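Produce the complete structure using the sequences and hints provided.
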Amino acid sequence: MVSQTSIIFMILAIIVSIAVPVITLIYFRRKQAPWKPVLIGILIFILFSQVLEKFLHVYVLNTNTQAAELMKNSYLYAFYGGLAAGIFEEFGRYVGFCFLLKKYREWKDGIAYGIGHGGIEAILIGAFAAFQNILMANLINSGGFERLAGAPGQDPNILMGIKDQLVNTSSYMFLLGGFERIAAFVLQIALSIIVLYAVKSKKPLYLLYAILIHAAIDFVAVLSKSLEWSVWIPEGMLLVIALLSIVFIKKSKSWFDQRVDYRQESPEMGNLIN
1 MVSQTSIIFM ILAIIVSIAV PVITLIYFRR KQAPWKPVLI GILIFILFSQ VLEKFLHVYV
61 LNTNTQAAEL MKNSYLYAFY GGLAAGIFEE FGRYVGFCFL LKKYREWKDG IAYGIGHGGI
121 EAILIGAFAA FQNILMANLI NSGGFERLAG APGQDPNILM GIKDQLVNTS SYMFLLGGFE
181 RIAAFVLQIA LSIIVLYAVK SKKPLYLLYA ILIHAAIDFV AVLSKSLEWS VWIPEGMLLV
241 IALLSIVFIK KSKSWFDQRV DYRQESPEMG NLIN
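Counting along the sequence shown from 1, when you hit position 148 you're at 148 in our numbering, and nothing is skipped either side.
Possibly wrong hints are sitting among the right ones.
Calculated lysine-lysine pairs in the DSS-like style (CA-CA distance at most 25 Å, straight line) [unchecked claim]: (1) LYS225 to LYS102; (2) LYS251 to LYS108; (3) LYS163 to LYS202; (4) LYS31 to LYS251; (5) LYS36 to LYS225; (6) LYS163 to LYS251; (7) LYS36 to LYS251; (8) LYS253 to LYS31; (9) LYS250 to LYS203.
Worth flagging that the hints you see were computed from the coordinates, not collected in a lab.
Since this is a predicted model, take the numbers as computed values, not measurements.
Next up, the structure:
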């Protein structure tokens with residue numbers, strides 16, 4: 001049986017994963033944040049993270065047997081996963097700002113893009129996963145799970161593994177999933193601002209900063225699961241990252257308040273962007 005506490009925490013994770021992006025969007029819409037960057041952020045995340053990056057994962061982890069064998073090393077797997085996420089998501093942001101949001105160069109535009117990018121991630125990864133867990137938990141508690149496992153075309157080993165995980169995982173872990181989505185959401189806004197600044201200032205080095213930050217965080221997150229570290233190590237790291245991201249988001253507004261002619265500072269980069 002899956003405990004009622006676990007199910008309640010799953011429900012709370014769904015609420016948090018949806019409510020935080022929605023409330024943030026409402027707040028910044030009142031601050032005149034535009035809709036278009038939000039929608040482009042959603043589009044870019046789906047295209048670059050959920051489609052293009054997934055194609056690479058299929059090739060590296062399944063199609064290419066030599067690469068798949070290398071990925072059995074926890075450190076190489078974490079390095080690959082972190083770097084792939086960093087490159088696809090941050091380069092996707094860069095493409096979005098350069099080609100789809102040419103007239104959006106203000107701080108609020110970076111915020112809006114981050115809300116779209118991070119918000120859809122929270123919903124697809126956080127809320128949707130928690131919803132699936134609730135469905136499975138109800139099947140387990142109602143006795144319907146065994147019938148599902150015995151149905152034609154189902155792999156009982158995979159399904160029983162899911163059951164064991166839901167039954168034996170501590171209840172608070174499901175609530176931590178909601179916390180992780182909040183931390184990731186705030187980080188996505190911060191990274192969006194960094195990439196927008198890279199485009200606005202014609203300084204692509206800031207794109208590299210965003211890629212490295214993203215890759216490093218994902219590296220630790222993936223490695224902590226592979227090596228079965230204490231859950232409080234990555235969760236503590238996420239808390240620190242979320243707090244630093246909030247501080248950065250507030251202070252970064254001054255980057256966009258400066259009236260500097262970046263084209264004069266780096267004309268060759270200005271021509272490259274345009």
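Are the Cα atoms of LYS163 and LYS202 separated by 25 Å or less? 51 Å, violated
With a cut-off of 25 Å on the C-alpha distance, tell me whether LYS250 and LYS203 pass. Within the cut-off at roughly 21 Å; holds.
Between LYS163 and LYS251, does the CA-CA distance stay at or below 25 Å? 46 Å, violated
Does LYS251 lie within 25 Å of LYS31 when you go C-alpha to C-alpha? Status holds; Cα separation ~17 Å.
Satisfaction of hint between LYS108 and LYS251, Cα-Cα up to 25 Å: Holds: LYS251 and LYS108 sit about 13 Å apart, inside 25 Å.
Regarding the pair LYS225 and LYS102, is the alpha-carbon distance no greater than 25 Å? 40 Å, violated
Against the 25 Å threshold, does the CA-CA distance of LYS36 and LYS225 hold or violate the hint? Violated, at roughly 36 Å.
Pair hint LYS253 and LYS31, alpha-carbon separation not exceeding 25 Å: 13 Å, holds
Holds or violated: LYS36 and LYS251, Cα atoms, limit 25 Å. Holds. LYS36 to LYS251 sits at ~24 Å (cutoff 25 Å).
Violated hints, listed in ascending order, are 1, 3, 5, 6; each of the other numbered hints is respected by the structure.
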